[in-house]
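Protein chains: 2
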Amino acid sequence: MEGDPTLQLRVFDLNCWAIRYLSKRRQERVQLIGDMLRREGFDLVLLQEVWSERDYSDLKVKLGGCYPFSHYFRSGVIGSGLCVFSRFPILDTLLYQYSLNGYPYMLQHGDWFCGKSVGLVVVKISGIIFNVYPLSPPASCQLHAEYCREKDAYLPHRLVQAWELAQFIRHTSKAADVVVLGGDLNMHPEDVGIRLLRGWTGLRDAFAEATRFEGCEDGCTLVPSNCFTVNSELLPFPLGIRIDYILYKAVSSFTVKCEELKTTTGTAPGMDIPFSDHEAVMATLHIRRQGQAAGDALGTAEPTLADVVTEARTEVGVGLRAARGQRYSAGRMAVLALLLLLLQAAAALGALAGLAAGQPFPKLSFSLLAFLALGVLLLATGLHLFHTMEVKMLQGTEEQMRMALRALQERP
Amino acid sequence: MEGDPTLQLRVFDLNCWAIRYLSKRRQERVQLIGDMLRREGFDLVLLQEVWSERDYSDLKVKLGGCYPFSHYFRSGVIGSGLCVFSRFPILDTLLYQYSLNGYPYMLQHGDWFCGKSVGLVVVKISGIIFNVYPLSPPASCQLHAEYCREKDAYLPHRLVQAWELAQFIRHTSKAADVVVLGGDLNMHPEDVGIRLLRGWTGLRDAFAEATRFEGCEDGCTLVPSNCFTVNSELLPFPLGIRIDYILYKAVSSFTVKCEELKTTTGTAPGMDIPFSDHEAVMATLHIRRQGQAAGDALGTAEPTLADVVTEARTEVGVGLRAARGQRYSAGRMAVLALLLLLLQAAAALGALAGLAAGQPFPKLSFSLLAFLALGVLLLATGLHLFHTMEVKMLQGTEEQMRMALRALQERP
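As they're listed, the protein sequences go chains S and L. My numbering applies: residue 302 is where the first sequence begins, and numbers increase by one. My numbering applies: residue 302 is where the second sequence begins, and numbers increase by one.
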């Protein structure tokens, strides 16, 4: 920094869609990604959905020369899918798992099993401390289809995650000079979750701030022209949607500017397939030391921020009421199943004791009914416990948001 | 601070053992605790195992006058059991859940269901930022009985938790002036987990540092004379054990000293029962602003710290091998159950198709066997998934520890 007053940092971010056995032409694509990363020589590479540790090891071997430092975040049954490659030493890491993450019974979405989380990697470059946050995509839902956006049961979960993410960043980034976040946020730029995250942390959107832009129209990262995209999901958005972001801010006496933002477009050079079903986002950041400390400014003017927090809190409240309803239904179902079981037990005992005249029910249907009741009892109890946890987390977030609002209002 | 150069802070910490329906004379004791807290007027009160939100609400109402600020941390199915009462405004909160927490099938220990976690409460007193960390007790095991300490299957889990706790504190406390941690750490003062936590964060033990001490011999917080203690568990330790701690450190240009440490002894004043099955710990800290910054000094000399991390890493490695073995056994069991099911299905199909001469097995035992195989299959699959997660987390921690060791060795 002494000789050159400006540090240039090239950041790469991609949701790799590398799910073993499920993602199309996975191995080929991971190889293409590796080749491109080696060729381009970024400073920081944030990859998501690298679900197979084998793929990470292969990339690590291939990229060892130009990115000597790397980290793979492990969590959940399947893993977090997050990894980071860096040209500069990684000093420290931490992983934070969101407390709410979709529903275990929504098997088709699979969110609950993935240990969705946010990582933290501390990197020191030319004496500047960078806190780099790679994220796994938050609770999904077929976000892209309009019908779902109107009745989006996952919205409260995504808001809890956006809030926890913002809180985690605020609490861990206080000693950093620069914060960089990259990932698939699974939200449109104007969605309340993004506004909450940006407002509450003061992070800026590289796409909105970039001096130059090159890539898909409007910075979209999920585009219909990508051959792996399910086009029916993008019908309401003929241009595509922008859900992969690079966000940044300077914490202490530094300023950060995004000089250039790029997205990949179309197929990988010389190939017939793109790198992933998402487009990659590449930002060139210029970091400059400035005379006085910038302070921990919040991104949005505070009255606006209060509006955003209020909006988010209302949505979390809606989710809370829904979760309470589901907890009640599951509890009632469990009680009914238990009553049925007890009734059957009484009848069976009665029959055994010879109180009833003969066998009142055919044996087979009697035991089938008992098994059914037992199954329902177990399932309903599990659901009841799950929704109890959901209620607690939504309540906790709502309370934290209320506290934040009070603090915002009390500020002079 | 301007007029008075020293700030005195009185901190109270107690594991309340307030489990609904299970803890003896719970309501009475919670009331006693509330009365005592109101009478004594501490600055900060950290309570654990307040599992019923009702108990928290009652305390909040009772203590509203002298402790106008409070927070209850919600997590897991049952909750975190953590709450904080403060005479000074709480600016912000955060909760971090440990990634590993005992075994779901160890129902009698119940760890897995409690959402064991560490909270963070930011409090500002006279312009000094305090990061206060209340903890729920980490993965237990009948820690107190010697036979268990020798074959302690939970040790790797406790070490993962101690490591995550230390990492969480390091990453979130960088902008704080003073760090205070209070809780039941479920470890003896010389256990590797405590040495790891203290060494890696630089936290000091209020008992060891206190100028004056008053209370149970050796600062013990689980003592045989407490009528709620299960004495057979304390047999190898006739004096009791010290597992509840108040730890602290100054981060920036402050010094902290522990003037006085006390524990409760015997029954609550005028009553025939103590406050809990644990003794409370009460520390009086003196905080003084000093000329120059103290720096983020690590607590232990670095070669010693490297030894502690190496020791912890070895133990985590032992846990990793055990977890891999259990994952393998569970997987093999699942495959065997699946094979048995397939065999039965083939036999049943054969019988249906008339290939077999008559019915080879009695119907009832045949279906019972099928149900048994199905049950074993489900159970073994669940166990396999759980141990897969365990392996990932232990691996991740071992790798982080390796990285920390490298950093320690590379330091000039």
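Mixed in with the good hints there might be a few duds.
The list treats identical chains as one, so a pair stands whether inside a single copy or across any two.
In the DSS-like style, the derived pairs of lysine-lysine whose C-alpha atoms are separated by at most 30 Å in a straight line are [claimed, not checked]:
(1) LYS475 / LYS425
(2) LYS363 / LYS475
(3) LYS475 / LYS558
(4) LYS563 / LYS325
(5) LYS475 / LYS325
(6) LYS425 / LYS325
(7) LYS325 / LYS558
Hints are computed from structural coordinates only; laboratory data are not their basis. Note that the structure is a prediction, hence the values are computed from the model and not measured.
So, going through the hints one by one against the coordinates:
1. Proximity of LYS475 to LYS425 under the C-alpha cut-off of 30 Å is found in both arrangements, the shortest distances being 15 Å within a copy and 16 Å between copies.
2. Taking the closest pair of Cα atoms, LYS363 and LYS475 never come within 30 Å of each other, the shortest separation being 35 Å inside a single copy and 36 Å across copies.
3. Both within a single protomer and between protomers do LYS475 and LYS558 lie at most 30 Å apart by alpha-carbon distance, with minima of 20 Å and 25 Å respectively.
4. Taking the closest pair of Cα atoms, LYS563 and LYS325 come within 30 Å of each other only inside a single copy of the chain (25 Å); across copies the shortest separation is 64 Å, beyond that limit.
5. Within a single copy, LYS475 and LYS325 get their C-alpha atoms no closer than 41 Å, and across copies no closer than 44 Å, so neither meets the 30 Å cut-off.
6. In this homomeric assembly, LYS425 and LYS325 never come within 30 Å of each other (Cα to Cα): the closest approach is 37 Å inside a single copy and 53 Å across copies.
7. For the homomeric pair LYS325 and LYS558, neither the shortest alpha-carbon distance inside one copy (37 Å) nor that between copies (61 Å) is at most 30 Å.
Going down the numbered hints, you'll see the structure goes against 2, 5, 6, 7, while the others check out.
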